[in-house]
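S.K.: Single-letter residue listing:
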Amino acid sequence: MELKTLLTSVAIVGFSAGLVSAQADVTLAVEGEVISTSASAPAFAENLDTVYSGWLFRKLETRSLQMDDFDNPAFVFVDKGIDLFEKVDGTEGKACASCHEDVEDFVGLRPAMPRVEDGTLVTMENLVNECRTERMGAEPWKYSGGQMTAMTALIGLQSRGMSINVAVDGDAAPFFERGKDLYYQRVGQLDMSCSNCHEDNYGVMIRADHLSQGQINGFPAYRLKNAKLNSAHARFKGCMKNIRATPYKEGGDEFKALELYLAARGNGLSVETPSVRN
Amino acid sequence: MAKGVKPRVKVPKTAAAGETITIKTLISHKMESGRRKDADGNFIPRSIINRFVVDFNDQNVIDVTLEPAISTNPYFQFDAVVPEAGEFKFTWYDDDGSVYETSKKIKIA
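Protein sequences appear in the order of chains A and B.
Residue numbering for the first sequence follows the working numbering, starting at 91 and increasing by one per position.
Residue numbering for the second sequence follows the working numbering, starting at 22 and increasing by one per position.
I should point out that these hints are in silico values taken from the structure, not numbers from a laboratory.
Remember, predicted model here, so these are calculated numbers, not experimental data.
Keep in mind that a hint or two might mislead.
[To be verified] Here are the simulated EDC-like pairs of lysine to aspartate or glutamate, each with C-alpha atoms no more than 16 angstroms apart in a straight line: (1) B:K24 / A:D159; (2) B:K45 / A:D159; (3) B:K128 / B:E108.
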């Protein structure tokens, strides 16, 4: 009995220590510009008081990579995105730059994505591929492929530092509810939902990993484990494999709805695209 | 020429005479080691950056030999003393004979 009490108290200390290191007073300054990494939780996230960026849950070395655009390996891919933006492709003989003169025109797009257009939920990837197939006459890019993530990172970068502000009412409401259901739905052999880790246990270690809140404000994110940019959907897939579930399809309705719900959970956080994670 | 090679360099714009500055360089390159095999079991030929040289006003700063075990997108960070205003010249040598060059000027503040 005594041993059990002792173990429990150790566990509690461990838990709070994890939270403290996650919530320590640290500031993310990218190229000298301060970006807020926490915000009060949106009202619908009734189990959270504050939302924290995943940046706070990473080691100091990883955090510092994101603070300097030269050190941030994602910028190799952003540069590829710039080349792709100028590159003519498809039967219409157009590049992105033919219509969108300057990529800076996309300021403010990333914080509002995904959004509902004419009754369908669209992500940034959908918008890019819609342009490619309908206006450029080109082949669509693979949803989480290198070209796509380079482009979404470039577009997202334009809005870095802006507050995430995803609409959840009106047309978006049914998709939001679907995403919420998926978030709390236990799946897979391990019978776990997103919330089991990212809501009930953020701040604690799951083996060697420091559990974050699973915010997607930094996606597409450069991950040190695979040395490339990762789309949010690719990350969802990774999570689902970890809990031994059969992942939904990248770009499918389930993941799009989940992306909307997760993005909305981060309403108030800043866009960190492209972020660095492990 | 290997595809998608792009040198990147970060040098402060100004420095005090005699100051030690930190220089960061990165070149995007696939750095194919020559030990990997393709789907048919044939070796993929080696294709790496084999030498990296930095000169300041024609005086050598560093000269690095790179080996196949160095991973994709080689990154170098080093310190250099700046005695006078001038220009850093960066040169990367590819296995296939290509040479990638870039340069950065620095002023004395």
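S.K.: Which numbered hints turn out to be false for this structure?
M.R.: 1
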